[in-house]
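Chain by chain, the residues run as shown.
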Amino acid sequence: MLTLENLVLTQDEFRLEAGFSVPAGARVAVIGPSGAGKSTLLAAIAGFFAPASGRILWRGQDLVGLQPGTRPLSILFQDQNLFPHLTVAQNLGLGISADLRLSAADRVAIERAIARTGLEGLAARRPGQLSGGQQSRVALARALLRARPLLLLDEPFAALGPALKAEMLALVSEISLEQGTTVLLVSHDPADARAFAPEAILVADGHALPPQPTAALLADPPPALARYLGM
Amino acid sequence: MLPARLATLAVLALVLGTLAAVAWQAGGLGALQAADLAAARFTVVQALISATLSVALAVPVARALHRRRFPGRGALVSLMGAPFILPAVVAVMGLLAVFGRAGVVNDALAALGQPRISIYGAGGVVLAHVFFNLPLATRLLLHGWQAIPSERMRLAQSLGFSPKATLRHLELPMLRATLPGAWLAIFLVCLASFAVALTLGGGPAATTIELAIYQAFRFDFDLARAASLGLLQVALCVAAFAVSARIALPQGFGAGLDRRAVLAPPLGWVLRVQDGVVMGLAAAFLIVPMAAVLLRGLPALSGLPVSVWAAAGRSLVVALAATALTLLLALPLALAAARQRRFEWAGTLPLVASPLVLGTGLFLLLRGFAAPATLALPVTVAVNAALALPFALRTLLPAARTLQADYDRLAASLGLSGFARLRLLTLPRLARPLGFAAGLSAALSMGDLGVIALFADPTQATLPLQLYALMGAYRMADAAAAASLLMVLSFALFWAFDRLGSHADA
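Those protein sequence lines, which keep their order, are chains A and B.
Residue numbers in the first sequence follow the numbering used here, run continuously in steps of one, and reach 231 at the last position.
Residue numbers in the second sequence follow the numbering used here, run continuously in steps of one, and reach 737 at the last position.
Hints listed in this document are in silico derivations from the structure and should not be mistaken for laboratory results.
Be aware that one or more of the hints could be misleading.
Some chain A residues close to chain B (C-beta under 8 Å, calculated; not the full set) [what the hints assert, rightly or not]:
no. : residue
1   : 46
2   : 50
3   : 99
Far from chain B by the CB rule (all over 12 Å, computed), these chain A residues [stated by the list, open to error]:
no. : residue
4   : 93
5   : 116
6   : 119
Predicted, not measured: the structure shown is a model, and the values here were computed from it.
Every residue gets a Cβ at the ideal spot worked out from N, C-alpha and C, and that includes glycine.
All chains should be built: construct the whole structure from the sequences, respecting the hints.
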């Protein structure tokens, strides 16, 4: 279970408060107007933004103060999720060992992740030689190899077309079900939230609210969200 | 951050430590004589004239280069980068071959029944400075022309601007923004001129402060006076630098000058001939001296005495050691400066320290521990590394900033740190600018005739010092051969490192 306990994030004029729990294995969308702090919330959980106060607990352990790489999570950003000078196999290898010292068993695991994400035959390529969808698959495959219990998605598929995006989200759902991964997905698209996440965290007006049923939230949005959705 | 802090400490210790030693020894500016004030005046005046001439002449050259397209243009633009790494003594050899007493120009004047001109003295010093800095200024201004947004040029074309209107609305505003910085950059370089003044200047009318430090140290062994002169030099540099901090210094020694859109070339044969003549003269001014050295020197290479080859070997070792040291300082500083500005200042500090002040200071600090001759080469390595540091840092910084912005979060989220991060991320991503910076450092160090002149006896001479000795002994054939060797080695070092960098990632 992920618990945000009296969490306060501040930067200049910006202030965001959060206090809620997300059960293990849940798939939750993070929605809200631009600039409300969705990405900042994820950055704080991932360790890129130090909270002003409060705690971020995973299974009772406080994550605040831990290095990003040692937290029990993987995060995919909007862009720059892969190192362009490394091959697909090397990029995936980084998910297992940060200094790329890989055993035979590790290589088998990489092969399996490649097959699982439909990247057969692309192991020796560099990201620049892949399509946008393939690049997203590599990033997902690396998260698969890291096998951390929490996966944070900060709109990594925003640049993909609707069909590809739906495909990626379906893949994330499958992985989440298989590994019991808890997933937080920041999205601009209400359709994504509806299709992917039974529950949603609304970030608006300085507060991140506890997860609530996505369909109901979108059907009867509070004013800030309604304005953003154009309703 | 720890390596960056160590590098900062090393730079501070070197620059400020030597300065403190010099100031302690000088005990004020009391030891200065009338001749030293004359040297100070000449230093400033020649730098003023050199910078003004270089920049003024560069305007038509850069303009012509920008608006004309012809075969070999790219090569000509690249050639304009060559003097930056051309050893000063080699350039002087080339200028002597063209403008010297037995040079082409004087032969032509004699044939026309005109009196011969002398390259020695203030005129020669300025000539050599223009030779070095006209190409630099041209590249800086060309950069300015290429930075005019292509949308602006499209607008000018759609409005049917005449060349005059283009000049007024596009080019003059650009020049107003670019010229002061370019002028100041060159002024700073000329302020610390030593090798040119040593070979072409001298005497009461053409001695720079750096040369006066050398003379006070080497001939009079008047350490108090050398130290006072050193303080004067640093004060001048700091003053000029304080002014330059207000004006953004352009950076034209980098690679990649051929991308942006171009002003529509004005038609008409008058302008076309004018541009052609301007570029032809500039190219000849650049190429003929270098070619003269090579033509005379290359055939004589095999006859060079062993001492010259030994000096070349020493120079190579010094250059490689200085390069390693420069990168060891520059890389951590660049990575840290991408996060915190103050590390950039640490790496820029050597710009205000003159080589001879560093050398004098190191001598004062170390004379209790070892004989000057045994210190000559290590001190040269340290000083050369420090002097190349600002250039290496400026080469690395943009790439280090991009690296930080693009991949720092990803690396952190994967727990990539320490040596693994260096090997898997930093070195591959920075290979190109690292190669370029290494090439610059190696070539600058290879050709440097500065601090080594303070210390070395003949058994410790580097190739530039050996070349200077050959020139002093009027062994001109050997000197030309040594100059060719030095030129070839300097360019080869630059080329090899630059190539290494651009292929590391392929």
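Hint check results:
1. A cut of 8 Å between beta carbons decides the hint on residue 46 of chain A: the least distance to chain B is about 6 Å, and the hint holds.
2. Interface restraint check for residue 50 of chain A: the shortest CB-CB distance to chain B comes to about 13 Å, outside 8 Å, so the restraint is violated.
3. With its C-beta approaching chain B no nearer than about 4 Å, residue 99 of chain A sits inside the 8 Å limit, and its interface hint holds.
4. Not every Cβ of chain B is farther than 12 Å from the Cβ of residue 93 of chain A; the closest lies at roughly 10 Å, contradicting the non-interface assignment.
5. For residue 116 of chain A, the requirement that its beta carbon stay farther than 12 Å from each beta carbon of chain B is met, with the minimum near 19 Å.
6. Non-interface call for residue 119 of chain A relative to chain B: holds, since the shortest CB-CB distance, roughly 19 Å, exceeds 12 Å.
The structure does not agree with the numbered hints 2, 4 stated previously, though it agrees with the rest.
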